[in-house]
Amino acid sequence: MTVPQVLQGLGVTLELWLGSLALAIILAIPVALGRRSKNRFAYGFASLWVTIARGLPPTVWLFLLFFGVKFGPTATSPVIASIVGLGIVTSAYIGDSIRAGLESVEKGQWEACSALALSRPTTYLRVIGPQALPITLAATAAYAISLLKNTAIASIIGANDLVYYANTAVQLGSDAIVTFLFVGIIYLVFTIPVGFLARTIESRTGIAVSGA
Amino acid sequence: MNDLGVSTNLAHDDALTMSALRAHGILKSFGDRRVLNGIDVELAQGEHLAIIGPSGGGKSTFIRCLNLLELPDAGEIIVHGQPVWTPELAKTVDLRAHRKKIGMVFQQFNLFPTMSAIQNVSFAQVHTLRRSKEEANDRSKALLEQVGLGTHLGHRPTEMSGGQQQRVAIARALALDPEIMLFDEPTSAIDPEMRVEVLRVMKDLAASGMTMITVTHELRFAQEAAQEVIFLAGGVVAERGTPEQLFKHPENQRTRQFVNAVTGDLR
Chain W
1 MTVPQVLQGL
11 GVTLELWLGS
21 LALAIILAIP
31 VALGRRSKNR
41 FAYGFASLWV
51 TIARGLPPTV
61 WLFLLFFGVK
71 FGPTATSPVI
81 ASIVGLGIVT
91 SAYIGDSIRA
101 GLESVEKGQW
111 EACSALALSR
121 PTTYLRVIGP
131 QALPITLAAT
141 AAYAISLLKN
151 TAIASIIGAN
161 DLVYYANTAV
171 QLGSDAIVTF
181 LFVGIIYLVF
191 TIPVGFLART
201 IESRTGIAVS
211 GA
Chain A
1 MNDLGVSTNL
11 AHDDALTMSA
21 LRAHGILKSF
31 GDRRVLNGID
41 VELAQGEHLA
51 IIGPSGGGKS
61 TFIRCLNLLE
71 LPDAGEIIVH
81 GQPVWTPELA
91 KTVDLRAHRK
101 KIGMVFQQFN
111 LFPTMSAIQN
121 VSFAQVHTLR
131 RSKEEANDRS
141 KALLEQVGLG
151 THLGHRPTEM
161 SGGQQQRVAI
171 ARALALDPEI
181 MLFDEPTSAI
191 DPEMRVEVLR
201 VMKDLAASGM
211 TMITVTHELR
221 FAQEAAQEVI
231 FLAGGVVAER
241 GTPEQLFKHP
251 ENQRTRQFVN
261 AVTGDLR
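Chains as they are written, first to last, in my numbering: chain W, 1 to 212; chain A, 1 to 267.
Hints in this document: simulated from the structure, not taken from any laboratory.
Here the structure is a predicted model, which means the values were calculated and not measured.
The C-beta atom is built at its ideal place from N, Cα and C for all residues, glycine as well.
Any given hint could turn out to be false.
What the hints assert, rightly or not - In the DSSO-like style, the derived pairs of lysine-lysine whose C-alpha atoms are separated by at most 27 Å in a straight line are:
{"hint": "1", "chain 1": "W", "residue 1": "Lys38", "chain 2": "A", "residue 2": "Lys91"}
{"hint": "2", "chain 1": "A", "residue 1": "Lys101", "chain 2": "W", "residue 2": "Lys107"}
{"hint": "3", "chain 1": "A", "residue 1": "Lys248", "chain 2": "W", "residue 2": "Lys107"}
{"hint": "4", "chain 1": "A", "residue 1": "Lys101", "chain 2": "A", "residue 2": "Lys248"}
{"hint": "5", "chain 1": "A", "residue 1": "Lys91", "chain 2": "A", "residue 2": "Lys141"}
{"hint": "6", "chain 1": "A", "residue 1": "Lys91", "chain 2": "A", "residue 2": "Lys133"}
{"hint": "7", "chain 1": "A", "residue 1": "Lys203", "chain 2": "A", "residue 2": "Lys100"}
{"hint": "8", "chain 1": "A", "residue 1": "Lys101", "chain 2": "A", "residue 2": "Lys91"}
{"hint": "9", "chain 1": "A", "residue 1": "Lys101", "chain 2": "A", "residue 2": "Lys133"}
{"hint": "10", "chain 1": "A", "residue 1": "Lys100", "chain 2": "W", "residue 2": "Lys38"}
{"hint": "11", "chain 1": "A", "residue 1": "Lys203", "chain 2": "A", "residue 2": "Lys248"}
{"hint": "12", "chain 1": "A", "residue 1": "Lys133", "chain 2": "A", "residue 2": "Lys100"}
{"hint": "13", "chain 1": "W", "residue 1": "Lys149", "chain 2": "W", "residue 2": "Lys38"}
{"hint": "14", "chain 1": "A", "residue 1": "Lys100", "chain 2": "A", "residue 2": "Lys141"}
{"hint": "15", "chain 1": "W", "residue 1": "Lys149", "chain 2": "A", "residue 2": "Lys101"}
Stated by the list, open to error - Covered stretches of chain A, as calculated for chain W (at least 3 residues, CB under 8 Å):
{"hint": "16", "segment": "86-100"}
{"hint": "17", "segment": "117-130"}
If we strip away everything but chain A, and leave its shape as in the complex, we get:
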């Protein structure tokens, strides 16, 4: 268990011998429009990868392919050495089994509006993991306290700010003890002053050893919390490297223009 009480699930030896997630040659089209044109990504256990790039470049589609909310047209996805997606596996893939291992946090939170914060966090524990209500509620309380919402257990989503809702959404995803967490622009729909707490929770999570992929426009966060950054544009990985390399010494002209446009103060 890490600092957030989240099981990191794999033995240390496994972490040394295989990647936590490998996506290779991911292709995806919507109609005639090719959105992903052969994406390769590999994450070690406990690694945090940030994906940056212009809107419409394929970032969200790629992250959605990883938990199979979108099904890739070609390529393979391997989690801890086990192939979970290839076109040949399309008819036999167990989507629910795969998604239990991959937590997903959405830009628009997508909390269930008919439920309170604690019910949102407990619901899938009871219905997906078959935990007892008592066990699920205990776990939910602990997670909501860890994301700073211990006093908001009974609040409905409409009674919370965007930042608070997103922290509930993070707790909800963590409650399933995922092996990997995916964040799809988690602060884009939140007022700037409310983003700090969400980013703090995510930094703590990354520091605790959770394997994470974050699609973000928060370059400072990516610089401080990610080990690797990729610049995704036009459906391809235009550049990849450490935050230091990508933000301070970008080799690709498009990366340089993007980083300069988003923020000049990192360089």
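Next comes chain W alone, as it looks inside the complex:
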């Protein structure tokens, strides 16, 4: 196997990244709303979710889902287990960034919506959401970079991503430094533009987002 053949794993890496990012965002919305809820059950469930999602290492999540969850006689595929595991972990972080975005909007904006008898969905989607979006987007972009890097652990349960093919190439005689340098450059091709996006949003909104 030659070094460029490592690119065969790019599709799976992108599938892992975008799939788990989409799942994380979908899960993060109820997590954020639950963490802001006055309903004790909703708040308690969302808080428990965040504690467990953040508390376990991503590798443990992947092993638990890969070996522990079966749909009938069929084992979970490594890619599906990785998407779900990484999605759960990242949902806790993105959920808190959505919550932070919502809480950054001035109380008076919520009160104006109430005084104008706007419905809750209209309040969230049309008034508060657009104001919360810059803060949420900046943080989410930073977490998206972390997530892409974390997809590299999916190879330990057999997902045939970039790292999986790189390992295989090294085992078949390719130079390890050259191979993983090549893989690193491929990751940078994706992380640099997303990092640039995060910094642009930060500078335009004056928000400091911790680096991923």
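Given chain W, work out where chain A should sit, using these hints.
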């Protein structure tokens, strides 16, 4: 419709037979601190009540209780003969239905920063009253022209002065055709030279027959535009009367001290 094109909503006969708003025995605490200690207020249709008093006396909390932004711990609120709040109604009260009838203008304007002036005024018409965009925009243009901002339809809040923003906020509240308007220190966050236009709009509104309650430190405005004034301090109505009585012949020592402290030129 009154001079500002605002529907006053009630037939004249109704105005004679029932108060527009009655709040009785309103109690409110935040934690251990009692902020309102049994407030009674009654307004006739078309009446303008001004509430004055020291900061922390409960004025804003009371006005916020009237449109249920704060829920009273006890007492009742009756609008045009219909009870809208009692502790027994707490679980069934339709907050949105109540707030459609009560316009609220805040000290800090609270305009939506992502929207232009006309979008701010039209938004709740479309989403709360389900008016068409065309109808809402026509109404918004008329209201913004009436508050002197016909040339600022496309301006964002950040492109307007405090006085202009507050006039947009008044137009936004009026756009829902409220039966009662509440103003919570509407000029406190505005530079003195910008207050005149806001107060003019409010005076016109009061003169047109809108039922209004204004929390204010502008005693001259209260004297000229309100029919009744209450002095609220320590969570109770310390004194009430006509502007003439309250500002020129206050009976309560605290009222006298407050009026003298705020302005001496009214007496």
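Going through the hints against the structure:
no.: 1; hint: W:Lys38 / A:Lys91; in the structure: holds (15 Å)
no.: 2; hint: A:Lys101 / W:Lys107; in the structure: holds (22 Å)
no.: 3; hint: A:Lys248 / W:Lys107; in the structure: violated (39 Å)
no.: 4; hint: A:Lys101 / A:Lys248; in the structure: violated (35 Å)
no.: 5; hint: A:Lys91 / A:Lys141; in the structure: violated (38 Å)
no.: 6; hint: A:Lys91 / A:Lys133; in the structure: violated (34 Å)
no.: 7; hint: A:Lys203 / A:Lys100; in the structure: holds (22 Å)
no.: 8; hint: A:Lys101 / A:Lys91; in the structure: holds (20 Å)
no.: 9; hint: A:Lys101 / A:Lys133; in the structure: holds (21 Å)
no.: 10; hint: A:Lys100 / W:Lys38; in the structure: holds (24 Å)
no.: 11; hint: A:Lys203 / A:Lys248; in the structure: holds (21 Å)
no.: 12; hint: A:Lys133 / A:Lys100; in the structure: holds (18 Å)
no.: 13; hint: W:Lys149 / W:Lys38; in the structure: violated (36 Å)
no.: 14; hint: A:Lys100 / A:Lys141; in the structure: holds (20 Å)
no.: 15; hint: W:Lys149 / A:Lys101; in the structure: violated (54 Å)
no.: 16; hint: 86-100; in the structure: holds (count 5)
no.: 17; hint: 117-130; in the structure: holds (count 4)
Violation of the numbered hints given earlier is confined to hints 3, 4, 5, 6, 13 and 15; the remaining hints are satisfied by the structure.
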